[in-house]
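**Q** Using the sequences plus the hints, can you model the full thing?
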Amino acid sequence: MSTTGTSLNYLVDHSSLRASHGLDDSTFDDVRAVGGSMSARVPELIDDFYEWLSSFPEFGQFLSGERLLARLKAKQGDYWRDFLRAGVDEAYVERRRVIGQVHARIELGLLIYLLAMEFISAWLTRAIEADESLRDRPTAALSIRKLIAFDSAIVVDTYGARTARSLEEHRKRLEHVAGVMQAVTEGDLSHRIIVTGPEDVLGRSLNDMVQSLSNIAREMELIARGDYAAHASPRCEKDELGVSLQAMTRALREAAEKNEQQMWVAETQTALGQAMSGNPSVRELSQRVLSLLCRALDAQVGAQYVVEDGGETLRLTGIYAASAGDGAPDTWKLGEGLVGQAAQENRRIVLKEVPEDSIRIRWGLGEALPRSLVVLPVVHEGEVRGVIELGSLKQFSGQQLDLLDIVAPSVGQAISAAETRARIQQLLEESRAQGEELTTQQDELRQVNDTLEEHTHALELQKESLLSTETVLRQKAAELERTSRYKSEFLANMSHELRTPLNSSLILAKLLSDNKDGNLSPEQVKYAQSISAAGNDLLTLINDILDLSKIEAGKIDLDIAPVAISRLVSGLERRFEPLASERKLEFRIIVNPSCPQTIETDLQRVQQILSNLLSNALKFTEKGAIRLLVAPKDSRRIAFTVEDTGIGIPADQHEVIFKAFQQADGTTNRKFGGTGLGLSISREFAELLGGEIRIHSMPGEGSVFTLLIPLRAETVVAAAPSASPKAEAAPQPSAEVARPFVEDDRDSITDPRRVVLVVEDDPVFAEILRDLARERGFKCIIAGTADGGLRLAREYRPEAVVLDIGLPDQSGLTVLELLKRDSSIRHAPIHVLSVHDYQQVARQMGAVGYILKPVKREQLVSAFRLLEERISRDVKAILIVEDEAVQRGALTNLLASDDIDIVAVATAEEALQQMHSTTFDCVVLDLMLPDVSGFELLDRMSQDESYSIPPVIIYTARSLTVDEEQTLRRLSKSIIVKGARSPERLIEEVTLFLHQAESELSPEKQHMLRVARDRETVLDGRRILLVEDDVRNIFSLTAMLERDGAVVHIARNGREALARLDQEPSIDFILMDIMMPEMDGLEAMREIRKREGSTSLPIIALTAKAMADDRQQCLEAGANDYIAKPIDVEKLLSLIRVWMPK
1 MSTTGTSLNY LVDHSSLRAS HGLDDSTFDD VRAVGGSMSA RVPELIDDFY
51 EWLSSFPEFG QFLSGERLLA RLKAKQGDYW RDFLRAGVDE AYVERRRVIG
101 QVHARIELGL LIYLLAMEFI SAWLTRAIEA DESLRDRPTA ALSIRKLIAF
151 DSAIVVDTYG ARTARSLEEH RKRLEHVAGV MQAVTEGDLS HRIIVTGPED
201 VLGRSLNDMV QSLSNIAREM ELIARGDYAA HASPRCEKDE LGVSLQAMTR
251 ALREAAEKNE QQMWVAETQT ALGQAMSGNP SVRELSQRVL SLLCRALDAQ
301 VGAQYVVEDG GETLRLTGIY AASAGDGAPD TWKLGEGLVG QAAQENRRIV
351 LKEVPEDSIR IRWGLGEALP RSLVVLPVVH EGEVRGVIEL GSLKQFSGQQ
401 LDLLDIVAPS VGQAISAAET RARIQQLLEE SRAQGEELTT QQDELRQVND
451 TLEEHTHALE LQKESLLSTE TVLRQKAAEL ERTSRYKSEF LANMSHELRT
501 PLNSSLILAK LLSDNKDGNL SPEQVKYAQS ISAAGNDLLT LINDILDLSK
551 IEAGKIDLDI APVAISRLVS GLERRFEPLA SERKLEFRII VNPSCPQTIE
601 TDLQRVQQIL SNLLSNALKF TEKGAIRLLV APKDSRRIAF TVEDTGIGIP
651 ADQHEVIFKA FQQADGTTNR KFGGTGLGLS ISREFAELLG GEIRIHSMPG
701 EGSVFTLLIP LRAETVVAAA PSASPKAEAA PQPSAEVARP FVEDDRDSIT
751 DPRRVVLVVE DDPVFAEILR DLARERGFKC IIAGTADGGL RLAREYRPEA
801 VVLDIGLPDQ SGLTVLELLK RDSSIRHAPI HVLSVHDYQQ VARQMGAVGY
851 ILKPVKREQL VSAFRLLEER ISRDVKAILI VEDEAVQRGA LTNLLASDDI
901 DIVAVATAEE ALQQMHSTTF DCVVLDLMLP DVSGFELLDR MSQDESYSIP
951 PVIIYTARSL TVDEEQTLRR LSKSIIVKGA RSPERLIEEV TLFLHQAESE
1001 LSPEKQHMLR VARDRETVLD GRRILLVEDD VRNIFSLTAM LERDGAVVHI
1051 ARNGREALAR LDQEPSIDFI LMDIMMPEMD GLEAMREIRK REGSTSLPII
1101 ALTAKAMADD RQQCLEAGAN DYIAKPIDVE KLLSLIRVWM PK
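Going by the UniProt record's numbering, the first residue of the sequence shown is number 1, and it counts up by one from there.
Since the hints were made in silico from the structure, they are not lab data.
It cannot be assumed that every hint is accurate.
[Claimed, not checked] Estimated spans, in silico, between C-beta atoms of each pair:
| no. | residue 1 | residue 2 | range |
| --- | --- | --- | --- |
| 1 | Glu-90 | Ser-26 | 51 to 57 Å |
| 2 | Gln-943 | Pro-854 | 25 to 31 Å |
| 3 | Gln-426 | Pro-632 | 55 to 61 Å |
| 4 | Arg-567 | Gln-1112 | 47 to 53 Å |
| 5 | Val-861 | Leu-629 | 18 to 24 Å |
| 6 | Ser-521 | Arg-567 | 42 to 48 Å |
| 7 | Leu-579 | Tyr-527 | 50 to 56 Å |
| 8 | Gly-889 | Glu-1042 | 48 to 54 Å |
| 9 | Glu-582 | His-455 | 56 to 62 Å |
| 10 | Leu-338 | Arg-283 | 18 to 24 Å |
We put the beta carbon where it would ideally sit given N, CA and C, even for glycine.
**A** Next comes the structure, spelled out in structure tokens:
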């Protein structure tokens, strides 16, 4: 095998060698770029390589000894640093050739060498993919593999050349032996074989065995010519030379075969690397890989599948010598068939007995069944990226299967790179398409703009023509333009600029109409009430205009839900029956029996439409009757008909009345008021609901308005208003009342008893409370907001209330205060839930119980049991502790009632005995007792855990000292203690804690309650800082607060407020406007909360914007609560009562 000359020429011509491996300057640049970041990691690479190498037992002879291992690692480090510099020239090639010679000399196997190079390649590839500093990591990894293949080719070629030279030397030595033996045969015994060393068994044996040398020479000549098939047979058992020759022949034959196998593996791997180079698609790559492997392995059929859909599917991407008709599926699921199973288990599957119905290998003259199939998973970075399936007419050898295992990682990496390129190409195409689409849109916009400019120019010419000929029309156009602009500005500033002055007007009117000082005549009070009514009418007008503007802008949302007809008409009847009776008109609602029980529509909008139609009927009817008829119109619609016997409407005005700001009677001396907006809004709402409003009317004959709406309206989703103010709709029910945010029992309530109201904004927890209420035999109604809870409480008058503190619109404490001040509902026991500990405040305000969240079911059961106990107890118990007999009798007479048991005692000891034997709902205590003081009695009660301590009312006519106040404050942490310095205030507190209905009290006690409330003292002497920039609001709010005894300090913006707090550190309370110059209210509250000692100072935020997220912004800035303008005086006072420090 004389290949020495060819190998030397091949190695010297490094330029052609580079070209044959696809190496160019860009490849070297990529390798050097990798070297820039990887050179420092070469020691890590060498350590990982030798750790891997130690797993091969045959390398033990090369790795023995610490010093030898250190030298080998150093040389290996030099080699790979040289490799990463990529200086490929003749010297570079020569260094690789020397390595090949060394490997051949030490007989290092080529297969192991190639596996080692593949390990280094895989290591560098993983490092490249993890290095985010490299620009194009897939290309860099491919360049590294190309250069490694180049180095491997040089070493493998040199190894082969060295082996060939070694064989040549053996041949010459054998010729020498043959010559010597020929001379000996001819009788020249002076010739001897030169023994080359202690291992030269042949030399020593031939010197002793002259006679047999001629035969051995002929055999050696055959071996020298490369015929390793020659067989040297020993002549006897002791023929050591024959045995040695036989072993040598076998060893040479095996070495040649091994070398040939290693060369074949290297060449195939190099060829495969070249086939996968470039930028092929996945299908092109699959075809190249199959074509090369089938040729190399002598396979006659093949297919390749690539993993898709996140690793769950394998799709056919390439076939070799097969077609779709051969039964090869396009896809396999993971675990399906041998292909799916090999991918799932990540292992090679070899089938040596192929079934008869399997794929066949076809050629022009016939076909045959393959004898062997191999299914090979292709893995990259631990993930199966594809499967290769090959079939052959003969069995696959172990060497062929080993080759597949060697090249599989390279194929997996190539598939990954191809998929990455495909994804990048797809993104580039999408980006290009989007760019083209953007360009097209820009062109279209440019064309539209040009067209608009042309139209504008034409309109300008037309306008000039009209202006030059029609001066009057020009003036009207200008007037219309101004009107339109004024309307837009009016609507834009409606929330703040109208509500701010309206706020002060309503507050002042309320102060005058209350006439707490009694210095106004009845006529003056009536004037104030007229002002208040006019202000509310103006607020209604603002709401109507905002509704109309929202409808025109398409920003009205419909809340479609099942609506009970009975509930709809009962609400209208409750509202309009009293109004009709007051005007001495007959009012009837007639529901046709054939009507469905429920319809699907927006209850709030239907109520608003019908309320407007009925209000108009009342307005324009002086005598006679008004009827609301409800009946099916057809199978799809229902009709609500409002009939009246009023003045009627001329036929030519039927359309006019539905236009905004227009009425049938538009004269200056018209008899009936109104803006003309109601019917316009009603028609718009009807159309949004998918219906219409019809009219039939003649002057003097009354009017008939019919609202037709579908039985099942479609859900309409409109754009939410972006900056529109939220008007407080006075007459219309809220969306929450119209439709509960959690399904409850409001539609099935027939008996007002056993109804519990749950006010909770968490729908999941609200459902838990509802289910528990139903278990206890209650009907449950649910509200998710404070306002919703107040509305439901006043509409349904529940027997008990479960109230959360943390509500989205305002604090639950405000709800508690308002409910306890409402004579119609204050008797209902209220149980409070909260994540915050306001227990003392809530109990002082009249709550019967308080639970801190999170709660257990047992606690909730106990809460409902407590509510049931308070509801079911017809007789309440009061303990009076008063040492003076006359005063004790007076108190007994004052509090006596049919439903109250009163126990009166004179000493503290008697009081403690009664507490152990009787359960009391309230204790009235005088502080001056004969045996011990009232303070000591309270202290002893707080330490006794054998009974539950009821609320205690300190009834004394004298003022408490500072020490006494501090003592009471300490005791109030465990006992509800309140003071009452007058009989009226005592009645107020007792009825609060006994949960007595005010309507069931005697007239005298009801009068005393009204007197107590008129003597409101919560603001007496309290210092309140009012931060407001509008002088009208300053005047009205100051008047309201000073009327109740407060000392008001004024600041006109946030900076003045901070300065005022520095001057007046004893401020008790802050009312903070939000929209102010220099520093707004939000920033001011943040600054106040940063100050030491101001973290607990109560702050109520005021704003006229009424945006949806205003309350949250105010709370996050540091406000305790929030109220929107125009301010409801009662609600503001309730907030102050809740948060004012006691």
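**Q** Taking 18 to 24 Å as the stated bounds, is the beta-carbon spacing between Leu-338 and Arg-283 within them?
**A** 22 Å, holds
**Q** Within 50 to 56 Å: is that where the Cβ-Cβ distance between Leu-579 and Tyr-527 falls?
**A** 23 Å, violated
**Q** For the range 42 to 48 Å, tell me whether the beta carbons of Ser-521 and Arg-567 fit it or not.
**A** Because 44 Å falls inside the window, the suggested range holds.
**Q** So does Arg-567 sit 47 to 53 Å from Gln-1112, Cβ to Cβ?
**A** 33 Å, violated
**Q** Between Val-861 and Leu-629, does the beta-carbon spacing fit 18 to 24 Å?
**A** At roughly 48 Å between Cβ atoms, Leu-629 and Val-861 fall outside 18 to 24 Å, so the hint is violated.
**Q** With 48 to 54 Å as the target window, see if Gly-889 and Glu-1042 comply at their CB atoms.
**A** Hint violated: Cβ distance 40 Å, outside 48 to 54 Å.
**Q** Should the hint that Gln-943 and Pro-854 are 25 to 31 Å apart at their CB atoms be regarded as holding?
**A** The hinted range 25 to 31 Å holds for Gln-943 and Pro-854, with Cβ atoms some 30 Å apart.
**Q** Determine whether the Cβ-Cβ distance between Gln-426 and Pro-632 falls within the hinted range of 55 to 61 Å.
**A** Holds - the Cβ-Cβ distance for Gln-426 and Pro-632, about 58 Å, lies within 55 to 61 Å.
**Q** Do Glu-582 and His-455 keep their Cβ atoms within the hinted range of 56 to 62 Å?
**A** Roughly 59 Å apart at Cβ, these two residues keep to the hinted range, so it holds.
**Q** Honestly, do Glu-90 and Ser-26 meet the 51 to 57 Å range at C-beta?
**A** Violated, since Glu-90 and Ser-26 (Cβ atoms, about 21 Å apart) do not stay within the stated range.
Hints 1, 4, 5, 7 and 8 from the list above are not met by this structure, while the remaining hints are.
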